[in-house]
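Work the whole structure out from these sequences, hints included.
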Amino acid sequence: MDCISLRDREILREIANRKLELAGSEKNGRILTKWKAQAAGKKAAPIVRLLYSNFYHEVVGTRLRCEGVGARRIESELLSSLVGRELFDDDTPLSPTYEVLLSTWAYPFARQANLTKAEKSIGFRINPVTDDIERDIDIFLHGSCGIDKKGTEAWCAYVADAIGDILPTRVVMNNLTAPMTNPLGMLLGLDHYLVALYDTPEVIHRIMDSACTFYEHYFDMLEKEHCLLPTNGISPVSQESFAFTDELPTEKAVKTTDVWGFLESQETTATSPEMYGEFVYPYMDRLVRRFGLLSYGCCERVDALWENYLSKWKNLRKLSVSPFNDIHQVGDYLKGTRIVFYSKPRAEHVTNPGPLDEEQIRAYFRDMAEASSGCLLEVAQREVGTIYGDYERGRRYVQLARETLEQYWQP
361 MDCISLRDRE ILREIANRKL ELAGSEKNGR ILTKWKAQAA GKKAAPIVRL LYSNFYHEVV
421 GTRLRCEGVG ARRIESELLS SLVGRELFDD DTPLSPTYEV LLSTWAYPFA RQANLTKAEK
481 SIGFRINPVT DDIERDIDIF LHGSCGIDKK GTEAWCAYVA DAIGDILPTR VVMNNLTAPM
541 TNPLGMLLGL DHYLVALYDT PEVIHRIMDS ACTFYEHYFD MLEKEHCLLP TNGISPVSQE
601 SFAFTDELPT EKAVKTTDVW GFLESQETTA TSPEMYGEFV YPYMDRLVRR FGLLSYGCCE
661 RVDALWENYL SKWKNLRKLS VSPFNDIHQV GDYLKGTRIV FYSKPRAEHV TNPGPLDEEQ
721 IRAYFRDMAE ASSGCLLEVA QREVGTIYGD YERGRRYVQL ARETLEQYWQ P
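First residue of the sequence shown? That's 361 in the working numbering, and the numbers climb one at a time after it.
Any given hint could turn out to be false.
FRET-style restraints, in silico, Cβ to Cβ [stated by the list, open to error]:
| hint | residue 1 | residue 2 | range |
| --- | --- | --- | --- |
| 1 | 422 | 476 | 21 to 29 Å |
| 2 | 748 | 429 | 46 to 54 Å |
| 3 | 384 | 712 | 35 to 43 Å |
| 4 | 559 | 487 | 41 to 49 Å |
| 5 | 511 | 767 | 30 to 38 Å |
| 6 | 750 | 501 | 43 to 51 Å |
| 7 | 584 | 712 | 35 to 43 Å |
| 8 | 587 | 646 | 17 to 25 Å |
| 9 | 634 | 393 | 18 to 26 Å |
| 10 | 634 | 511 | 43 to 51 Å |
| 11 | 504 | 726 | 20 to 28 Å |
These are computed hints drawn from the structure, not numbers from a lab.
Built from N, CA and C at the ideal position, the CB exists for glycine as well.
Laid out in structure tokens, this is it:
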């Protein structure tokens, strides 16, 4: 790794001190209280966040000042952790540490996706790797996985040399995850994948069983190599959430049942619940048994899957509720449970050109409040492509959402 220049070091230390100050503030204390209440199953004030993953360039990229490659990476991660607090005043929690993600990988298939990405856009086209899934079955077998302990340790040392006296490094682990339908759809193309469910169902079952077995072996490896870390507090849960809970270890994780897991199958949203039950659920069910707690879902409909499938998982604690769901029905399902109604509001309220339609936004969140009253509610505004570089736009949107939910949501 390159040597960090004096100028870059000063920039990093200034940002690190900002994070340290914000992490120790009364406001951060109040935010942590919200998360800990949710973790204990208490219906306190809803959590509201505006997530920037699709417009990073507007809120982080344009503010980078460091010139060195390594310094720029540290700066990016520091600024990323501060977006919610400094720019949007949302409920993103902060720690007085610099989080380093344990470097691991797991690819269930022998080939990676072939994508053509659009210029100046997050869009892409899938280029199928085969037109005969049965003939080329080997593409969909023989996955690979690994752990880079030395790389993780080296990055910790590199960061610590620059800012470790301000923000100690803390290695965290992402929740366990086991994507199956997503990489399969990315290899085949979604149309070919869905047709294969009809044309070659036995091949799809073989591929899913192989992928599931691969992840079971991967989880075994993490246990054997003592590479599991607690997933609790300010550590990541997929879909840009956090792992706060009072049901899992905070100091040491020995088995995969000590940590959070995450699963989703948005690629099968176009299928019937019965086809989900045949081609997806049995394999997910095997993996859910390996997790301590489960966060489920991305953009798929979960309302249609709840009664016969998702409700069977007793360790489910966070359920993604995208705009494609009947939110009132999901609210009825989750009322009185310890499952977080993880709401992902419609993005056009933020991204439509022109001034925010404040009346429309209030009406939208009033309906959400009515649907989710009696539930543990966490709002994560994802899928936003732009805020037109206007930070105040994002801050005002968060304020409107929070004010409306506080007025109409009932525990």
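Evaluation of the provided hints:
In this structure the hint that residue 422 and residue 476 lie 21 to 29 Å apart at CB holds, the actual value being about 26 Å. The hint said 46 to 54 Å for the Cβ distance between residue 748 and residue 429, and at roughly 30 Å that hint is violated. Separated by about 38 Å at the C-beta atoms, residue 384 and residue 712 satisfy the suggested range of 35 to 43 Å. Between residue 559 and residue 487 the C-beta distance comes to about 20 Å, which lies outside the given range of 41 to 49 Å.
Between residue 511 and residue 767 the beta carbons are some 49 Å apart, a value that contradicts the proposed interval 30 to 38 Å. In this structure the hint that residue 750 and residue 501 lie 43 to 51 Å apart at CB holds, the actual value being about 49 Å. Checked against the given bound of 35 to 43 Å, the beta carbons of residue 584 and residue 712, roughly 51 Å apart, lie outside it. Distance hint check: the CB atoms of residue 587 and residue 646 are about 21 Å apart, consistent with the given range 17 to 25 Å.
Judged by the Cβ atoms, the range 18 to 26 Å given for residue 634 and residue 393 is violated: they are separated by roughly 44 Å. Taking the beta carbon of each, residue 634 and residue 511 are about 45 Å apart, inside 43 to 51 Å as hinted. In this structure the supplied range 20 to 28 Å is violated for residue 504 paired with residue 726, their Cβ-Cβ distance being about 49 Å.
In terms of the numbered hints stated before, the structure departs from hints 2, 4, 5, 7, 9 and 11, listed from lowest to highest.
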